[in-house]
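Per this note's numbering, the sequence shown starts with residue 1, numbered consecutively.
One or more of the hints may lead you astray.
Unchecked claim - Derived pair list, reagent style EDC-like, types lysine to aspartate or glutamate, alpha-carbon separation capped at 16 Å:
#: 1; residue 1: Lys32; residue 2: Asp71
#: 2; residue 1: Lys32; residue 2: Glu60
#: 3; residue 1: Lys33; residue 2: Glu68
#: 4; residue 1: Lys61; residue 2: Glu99
#: 5; residue 1: Lys4; residue 2: Glu17
#: 6; residue 1: Lys32; residue 2: Glu68
#: 7; residue 1: Lys22; residue 2: Asp35
#: 8; residue 1: Lys32; residue 2: Glu64
#: 9; residue 1: Lys4; residue 2: Glu34
#: 10; residue 1: Lys88; residue 2: Glu57
#: 11; residue 1: Lys74; residue 2: Asp29
#: 12; residue 1: Lys88; residue 2: Glu64
#: 13; residue 1: Lys61; residue 2: Asp39
#: 14; residue 1: Lys4; residue 2: Asp35
#: 15; residue 1: Lys61; residue 2: Glu92
#: 16; residue 1: Lys4; residue 2: Asp39
Said to hold, decoys possible - Cβ-Cβ distance ranges computed for the label pairs, FRET-style:
#: 17; residue 1: Asp35; residue 2: Gly97; range: 27 to 37 Å
#: 18; residue 1: Ile76; residue 2: Asp29; range: 15 to 25 Å
#: 19; residue 1: Val75; residue 2: Thr14; range: 17 to 27 Å
#: 20; residue 1: Val1; residue 2: Arg96; range: 27 to 37 Å
#: 21; residue 1: Asp35; residue 2: Lys61; range: 15 to 25 Å
Worth flagging that the hints you see were computed from the coordinates, not collected in a lab. In this text, a Cβ means the ideal position worked out from N, Cα and C, and glycines have one as well.
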Amino acid sequence: VPAKYNLARYASYTGNELNALKLLEQVIDTEKKEDPASDHHLNALQMCAALHFRLFESREKCIELLAEENDLQKVIYGSNSWEVRISKWHLEMLQRGDEPQVVVIENGDVWLGLKFADLQD
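Starting from the given sequences, assemble the full structure and let the hints guide the process.
Structural data, given as structure tokens:
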């Protein structure tokens, strides 16, 4: 799985986002069976959610993947952890209709970031 995960990161870094998405979906399927509490699984869920939004503007799929990530984080980090609170916050923003902004990190990871209205009016 690490090789496929790294290949997906490389594909996203070089602009082949559709191939990256396919590879990440394979990583998620494998990790669900073999090692559901792995970092690769968490990262693949986050990256896959961002790519679904960027490529298809699929808010529903994005919410589904981030909800799965949130459930997994509860198991790994505990229900009151910082990671779970941030993940839940992202979910709530998406569910109420806030527009996400996909942020690309230099090492090829694609993360979902949320853009907020300017509160300094």
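Outcome of the hint check:
Under the criterion of a C-alpha separation no larger than 16 Å, the hint pairing Lys32 with Asp71 is consistent with the structure, at around 13 Å. Taking the CA atoms of Lys32 and Glu60, the gap is near 20 Å; set against the 16 Å cutoff, the hint is violated. Restraint check for Lys33 and Glu68: the C-alpha separation of about 14 Å stays at or below 16 Å, so the hint holds. Under the criterion of a C-alpha separation no larger than 16 Å, the hint pairing Lys61 with Glu99 is consistent with the structure, at around 14 Å.
Between Lys4 and Glu17 the CA atoms are separated by roughly 14 Å; this keeps the pair inside 16 Å, and the hint holds. For the proposed pair Lys32 and Glu68, the alpha carbon gap of about 11 Å is at most 16 Å, so the pair holds. For the hint pairing Lys22 with Asp35, the CA-to-CA distance comes to about 19 Å; that exceeds 16 Å, so the pair is violated. Pair hint Lys32 plus Glu64 holds up; C-alpha atoms about 15 Å apart against a cutoff of 16 Å.
Of the supplied pair hints, the one linking Lys4 and Glu34 holds, its CA atoms being roughly 14 Å apart against a limit of 16 Å. This hinted pair does not check out: Lys88 and Glu57 have alpha carbons roughly 20 Å apart, beyond 16 Å. Between Lys74 and Asp29 the alpha-carbon distance is near 19 Å, which puts this suggested pair outside the 16 Å criterion. Simply put, Lys88 and Glu64 have alpha-carbon atoms about 12 Å apart, close enough for the 16 Å limit, and the pair holds.
Between Lys61 and Asp39 the CA atoms are separated by roughly 21 Å; this puts the pair beyond 16 Å, and the hint is violated. Straight-line distance between C-alpha atoms of Lys4 and Asp35 comes to about 15 Å, which keeps the hinted pair within the 16 Å bound. For the hint linking Lys61 to Glu92, the alpha-carbon distance of about 14 Å falls within 16 Å, and the restraint holds. For a cut-off of 16 Å, the pair hint linking Lys4 to Asp39 stands: about 14 Å separates their Cα positions.
Hint check: Asp35 to Gly97, Cβ distance near 35 Å, so the stated range 27 to 37 Å holds. The hinted window of 15 to 25 Å between Ile76 and Asp29 holds, with their beta carbons roughly 19 Å apart. The given range of 17 to 27 Å is broken by Val75 and Thr14, whose C-beta atoms sit roughly 33 Å from each other. At roughly 34 Å, the beta carbons of Val1 and Arg96 sit within the given window of 27 to 37 Å.
Roughly 23 Å separates the CB atoms of Asp35 and Lys61, a value that falls within the hinted 15 to 25 Å.
Comparing the model with each numbered hint stated earlier shows that hints 2, 7, 10, 11, 13, 19 do not hold.
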